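Model the placement of chain W on the given structure of chain Y, informed by the hints.
First to last, the sequence lines map onto chains Y and W. Position 133 (the first sequence) corresponds to 133 in my numbering; numbering is contiguous. Position in the second sequence counted from 1, then plus 1000, gives you my numbering.
Think of the hints as simulated: they come from the structure by calculation, not from any bench. These numbers were taken from a predicted model, which means no experiment stands behind them. Think of the CB as a built atom: it goes at the ideal place given N, C-alpha and C, for glycine as much as any other residue. There could be a bad hint or two in this list.
[Said to hold, decoys possible] 35 angstroms max Cα-Cα, derived DSBU-like pairs, lysine-lysine:
id: 1; chain 1: Y; residue 1: Lys37; chain 2: Y; residue 2: Lys113
id: 2; chain 1: W; residue 1: Lys1040; chain 2: W; residue 2: Lys1024
id: 3; chain 1: W; residue 1: Lys1032; chain 2: Y; residue 2: Lys71
id: 4; chain 1: Y; residue 1: Lys114; chain 2: W; residue 2: Lys1136
id: 5; chain 1: W; residue 1: Lys1036; chain 2: Y; residue 2: Lys5
id: 6; chain 1: Y; residue 1: Lys9; chain 2: Y; residue 2: Lys114
id: 7; chain 1: Y; residue 1: Lys7; chain 2: Y; residue 2: Lys114
id: 8; chain 1: Y; residue 1: Lys5; chain 2: W; residue 2: Lys1026
id: 9; chain 1: Y; residue 1: Lys7; chain 2: W; residue 2: Lys1024
id: 10; chain 1: Y; residue 1: Lys113; chain 2: W; residue 2: Lys1136
id: 11; chain 1: W; residue 1: Lys1032; chain 2: Y; residue 2: Lys80
[Said to hold, decoys possible] Chain Y regions said to be covered by chain W (calculated; three or more residues, Cβ under 8 angstroms):
id: 12; stretch: 23-32
id: 13; stretch: 146-156
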Amino acid sequence: MRNLKEKQKREMIRDWVLLGIILIIAIILLSIFPDRKEPVINTLWDYFVEMMLILPAVMVILGLFAVWVSKEIVIKHLGKASGIKGIFLAIILGALPTGPLYIAFPMASILLKKGARISNIVIFLSSWACIKMPQEMVELQFLGLRFMLLRLFLTIIFIIIMAIFIEKVIEWSENEEE
Amino acid sequence: MNFTAVVINIIAVAGFLIAFAKDKNKTIRSLKIAGKSFIKLLPMVFVIIITIALLLGFVPSEQISKFVGEQSGITGILLVGGLGAILHIPALLAFPLASSLLEEGASVSAVAAFITTLTMIGAVTLPLEIKELGKKIAILRNGISLIIAIIIALIIGVVL
Chain Y
1 MRNLKEKQKR EMIRDWVLLG IILIIAIILL SIFPDRKEPV INTLWDYFVE MMLILPAVMV
61 ILGLFAVWVS KEIVIKHLGK ASGIKGIFLA IILGALPTGP LYIAFPMASI LLKKGARISN
121 IVIFLSSWAC IKMPQEMVEL QFLGLRFMLL RLFLTIIFII IMAIFIEKVI EWSENEEE
Chain W
1001 MNFTAVVINI IAVAGFLIAF AKDKNKTIRS LKIAGKSFIK LLPMVFVIII TIALLLGFVP
1061 SEQISKFVGE QSGITGILLV GGLGAILHIP ALLAFPLASS LLEEGASVSA VAAFITTLTM
1121 IGAVTLPLEI KELGKKIAIL RNGISLIIAI IIALIIGVVL
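In isolation and in its complexed conformation, chain Y is listed as follows:
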């Protein structure tokens, strides 16, 4: 737990340093090319407004799920699920807005030890990484409905195929070792 806190602190410092660097670059560029100041500031403002309209709401939704859907609930449901239901559950539980990916790895590790299917664990992790609900909302906002739905649909299909493939490979390589 302490490690996690330290890691977050380091990331925070890194982000602020990065912001400082990019600010300096921006100021230098704009003082060399003052005619660009207006379009740059306009873009800055447009994107800022668009993000502030949705980010606080997305964070509230994230916070609510983080408290209400505990790790234990996810592990309990995913540990025993199998077949189509298991696949479905792994996608849904992964997509719930419950925090960054590095929380999901330890959960996946527990699931693995508990004997959950490898395919479900891979689906769960991949779904957590790339079809998270808040992400889809922001994608909808910035890239439109058609793009978001098509990418979502394709991602789900390919994640399932990949998961089953990985499970087969792992099973096969374990049989070879025996």
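Okay, now just chain W, sitting in the frame of chain Y:
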């Protein structure tokens, strides 16, 4: 304010009210988490916005579309896809960046590849993934994800 933003805010407010009616303490805890995550995300929000503004203000569209536009084909997809795999940007912030690239003439497939590799593949989190799940699963998952991202990008390019 556009439709999506309105819907997201309505969901957030409704969720908050339902939660508050059910359990006051838990709701306050969620709000604290929400506030903390928001503050944590804030510097990166500004980094991304400034990057976008500089990109749109200084890099001519022809340059961007030459590297990642329609005519760049598979090279463009591989280029941004690879970039997405290495970069460690919060996914929430990848979408405004992607939309600015689109505005500047990047192809839809390149943008799709960027988002998919960025979210699915984590070069930065790979050591942790190996530690928790073993080398085999971690490397297979990240490696195959890269191939998947390219296939998804190509299909999106054809359909949209």
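Taking the hints in turn, this is what the structure says about them:
1. Y:Lys37 / Y:Lys113: Roughly 57 angstroms between the alpha carbons, so the hint for Y:Lys37 and Y:Lys113 is violated.
2. W:Lys1040 / W:Lys1024: Judged against 35 angstroms, a Cα distance of about 24 angstroms means the pair holds.
3. W:Lys1032 / Y:Lys71: With Cα atoms ~18 angstroms apart, W:Lys1032 and Y:Lys71 stay inside 35 angstroms; holds.
4. Y:Lys114 / W:Lys1136: holds, 18 angstroms
5. W:Lys1036 / Y:Lys5: This hinted pair holds, its Cα atoms lying about 13 angstroms apart.
6. Y:Lys9 / Y:Lys114: Cα-Cα ~32 angstroms, so holds.
7. Y:Lys7 / Y:Lys114: holds, 28 angstroms
8. Y:Lys5 / W:Lys1026: holds, 22 angstroms
9. Y:Lys7 / W:Lys1024: Holds, at roughly 31 angstroms.
10. Y:Lys113 / W:Lys1136: holds, 15 angstroms
11. W:Lys1032 / Y:Lys80: At roughly 33 angstroms apart (the allowed maximum being 35 angstroms), Y:Lys80 and W:Lys1032 satisfy the hint.
12. 23-32: holds (count 4)
13. 146-156: holds (count 6)
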